[in-house]
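Peer 1: Here is what each chain is made of, one letter per residue.
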Amino acid sequence: MHFASDTLTHLHSAATTMNDQVAELFQYHRAQDVFFMLMLVAFLMMFIRRYEWGVALATLLVFATVFPLYILAYTTFFDAEINIELLIGAVFAAITLVIAIGVFLGHISTIAFLVVGVLFVPSYMFIEWFLFTALDGVLDAGGSILVHMFAAYWGWGVILGLRNKAVNDEPANTSVHSVSFVWLASMLLMVLWPSFVTALLPPEDVISGMANTYLAMVASVLVTYVILWALKRTIDPLVFTYAILAGGVAIGASVDLATPLQSWIIGLVGGGISTLSFLFLDGWLRKKTGVWDTMGVHNLHGVPGIIGGLAPIVLGLAGGAQAIAVVGTLVIGLVLGFIVGLILKVMPKPTKMLDDAEAFPAVEMRATDPA
Amino acid sequence: MHFASDTLTHLHSAATTMNDQVAELFQYHRAQDVFFMLMLVAFLMMFIRRYEWGVALATLLVFATVFPLYILAYTTFFDAEINIELLIGAVFAAITLVIAIGVFLGHISTIAFLVVGVLFVPSYMFIEWFLFTALDGVLDAGGSILVHMFAAYWGWGVILGLRNKAVNDEPANTSVHSVSFVWLASMLLMVLWPSFVTALLPPEDVISGMANTYLAMVASVLVTYVILWALKRTIDPLVFTYAILAGGVAIGASVDLATPLQSWIIGLVGGGISTLSFLFLDGWLRKKTGVWDTMGVHNLHGVPGIIGGLAPIVLGLAGGAQAIAVVGTLVIGLVLGFIVGLILKVMPKPTKMLDDAEAFPAVEMRATDPA
Amino acid sequence: MHFASDTLTHLHSAATTMNDQVAELFQYHRAQDVFFMLMLVAFLMMFIRRYEWGVALATLLVFATVFPLYILAYTTFFDAEINIELLIGAVFAAITLVIAIGVFLGHISTIAFLVVGVLFVPSYMFIEWFLFTALDGVLDAGGSILVHMFAAYWGWGVILGLRNKAVNDEPANTSVHSVSFVWLASMLLMVLWPSFVTALLPPEDVISGMANTYLAMVASVLVTYVILWALKRTIDPLVFTYAILAGGVAIGASVDLATPLQSWIIGLVGGGISTLSFLFLDGWLRKKTGVWDTMGVHNLHGVPGIIGGLAPIVLGLAGGAQAIAVVGTLVIGLVLGFIVGLILKVMPKPTKMLDDAEAFPAVEMRATDPA
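Protein chains in written order, with UniProt numbering: chain A, 1 to 371; chain B, 1 to 371; chain C, 1 to 371.
Just chain A, same shape as in the assembly (with noise of 0.2 Å):
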């Protein structure tokens, strides 16, 4: 597997310390923690009160998709075995898709799901050939290049592909119960994140991994209450519950090479300028490109990806090849979500957007009985 080329090489070297078998074991679990947050992040975009189990029909059907496909391809074209790494490979691909589809959800039938998880492998199998084949000494560990950034812009990529101007006029309406889910998924997230961004990490590496991301997002927290209250007297739930997951993203590439102290500055870096993307960027790009990013991807994966991306030239641990990873990532997803964008544009459109409506039977249902 591509992307686990450096990872790798610790894995045998942790061996010499660690039984093999015992090292397996401990993944499974962190692994584990990977698959919990691939459904939370379902439920982190369950606000849109009148699309919420749409959401969590399309996460599945992704799942469904991507998980097999990335699995059967490296087993039959590249001779991988099936073991913990590849099941990690795997999961960190559905997740990536995961995150991306919240750029245009609601944009696209339900079935039409089905196609962008068949068509988003070999896109997401070539940014790993990308940057842990083709270029050497990106410093990734914990995916805020190879998930967040290339989720980010590969979903931005699609949308503009698409270009469906209607949904803009949809509205969005929430429900108090909608955005509890959306608490609860973010401070869940915020749990096991440690377990995502250490889980191709060395054993000897997990523990200060974890130190490093909960100090990371505890950062993050703090900036996005006191950037909030201080620019707008008021926390608004849909930005605060996504931009204090931004240090989780931020630390990814340096969670096993940055100290505590730089760790919370990371955090703080990231949550911070995530804040600021949701309060300004976010309306901004929606004026200059004419499409809206239903999730706030850019918002929470986009920069706060890049700024991860680019930690590690900051702390003077990589060079050239990760400035070309970032600017690689962004590049390479616009253009090949941009290419799944037109093809799904030629699929049937759904009837009525951002409304459960057009999958489930959800008028009958919520009909009967009032809260």
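Any given hint could be a false lead.
Unchecked claim - Result set (SDA-like, lysine to any residue): computed pairs, CA atoms no more than 25 Å apart in a straight line:
(1) B/Lys232 - A/Met347
(2) B/Lys349 - C/Ala230
(3) B/Lys232 - A/Ser109
(4) C/Lys349 - A/Trp229
(5) A/Lys287 - A/Asn173
(6) A/Lys349 - B/Lys349
(7) A/Lys232 - C/Lys287
(8) C/Lys287 - C/Ala357
(9) B/Lys232 - B/Asn173
(10) A/Lys232 - C/Phe338
(11) A/Lys232 - A/Glu204
(12) B/Lys232 - A/Pro361
(13) A/Lys349 - B/Ala230
(14) A/Lys349 - B/Lys232
(15) A/Lys345 - B/Asn173
(16) A/Lys232 - C/Leu114
The set of hints was computed from the structure by calculation and includes no laboratory data.
Only a predicted model underlies this, so the values are computations on that prediction, with no experimental measurement involved.
Given chain A, put chains B and C in place with the hints provided.
Peer 2: Coordinates of chains B and C only, in the frame set by chain A:
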């Protein structure tokens, strides 16, 4: 402990490659995941609007009786010591009953669940003895037969013994948030499922068991969606969120034996037949028997449990004992459940079926503040 | 770290039977479970309809202050290195404050929680020093005294210092979905509890600690149900979901010392007395002191914490130091909390108590779409 006799052999051979204590601590986390699943089963059943707290309460009451009584029985009568295997056995017993009560939830008073818990333990210990001591060579590492089939047919035995037709006329309304809890429960159950089916496996089978389980489950997601879309053009969330778990039910008996491709196919067959059971068998059975399987337990656990139980025979890995196990569990489950149902018949009935108001000060609490 | 002085001895002796690194990685997952519980405590307190997001926000703000400050203090002033024990110490500190704020939630402005976090850290470090350095031979592996008692009495100290009676007249309405979140939180806290009480135990005590904890908790479920049914004929979910956790609170101090039967009895006593505290002590205290313990912290953590702290004495395992620890924690908690309460008194008060509208754009968001 009877049920673990063949598994224990496995574990002892594992001890040669991995420290016993380390293997046991890995089981701690898989065991904990099963306790997590026990609670999530309650939320999977939470969709009936007027019964959402009642389901949680009933789950806790049967947990509070089955778990300690199972441990008490094995330590008192069979000289078992309290170790991780016994704890897993006890939570397997408890989760089996939590599944089983889904058949007759709302048909009995809340307090009767304490009686159900007490009466269930000998039933469950008998089926353990039947499967793993009386029979020789039964393959069921992940509980397709012991947990899922027995839960379904024991539960059906109870409802046939009870025969309380009044409940059929009760409306079972849903609300948006309660169905969203069902989505959450279903998606997290999917994530945790590998820990359930590998809980009693030796360390060297855990990673491949994880791969097989997730492959079976994503196949169920796919087939459930395709069938519902093809036949109905709409996705009933209360069929979808249930049937997608059937792959996990069906993979149980061969999780340590099937190849990845076979696992995917087992999930496809399990999920497909579960979906068809929800769409067609459910109504037919209801008409024939005159009783209503409140939570569709037969469709998710009964039928896919049979598929899973027979899978090792189809794969050429098991023989006559496996067939006897499947048929025997069906018959024994129905008979033992029927006896318990007759006993429950003499206890006071709930004044109003499927209503939290029977147990909770629900009217005041709900009246306060809508949404 | 002071609190771990006796525990560390245990761990060092454990290192002879299990690789240090392996033991540390096992603690990774138990530690993560404690972070999970920290978030769930917020959802346990989410039942007040107009305050459900405010609880989550306050939880995150105290986490964002206590966690890094505790680490900063120990690494700066006590030359601690950042390892898994220090991370567990830090999340224990944070969860203690998350429990404590339940006493005075809604009595102070949201921004004041940042101040509370800063002021709490020295209080908590003092009680750690008192229990594990000043005293000798205090048994409290699972935090009955350090976490639960200190949280309750420090929180009560704060509210007595604040003395803001206005809040007593605020209505505290609930809604169905917010109470369902409480059920979810309570049931998952029960599942994760063994990781909390065994987080600092050596590997060889973890499995027996798990057995003892679950036995204590199922006993609490049973006794809470029986008492509520016997005395009230109805199950108040906001008493039931709380009191069933009292077994976990009470088992903390003797989780590594009690027999399974003793553990079950400790859970029975803890759950029973907690239930009675909710039914009778709560109202009496409110009348006597004129303040309202918003989340019933005294009933779940204070009284069962005392029971748990005294249990080792009853079991004949501890002596005078244990009694001094219990009484001292009560007094020190009240005094230190009282001082913080006086400081908070000079800060601006919330314009409207127990209302998300104080911090969130709640009115618009909730108005949009019912249910």
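Peer 1: Which of the listed hints are broken here?
Peer 2: Failing hints, ascending: 6, 7, 8, 10, 11 and 15.
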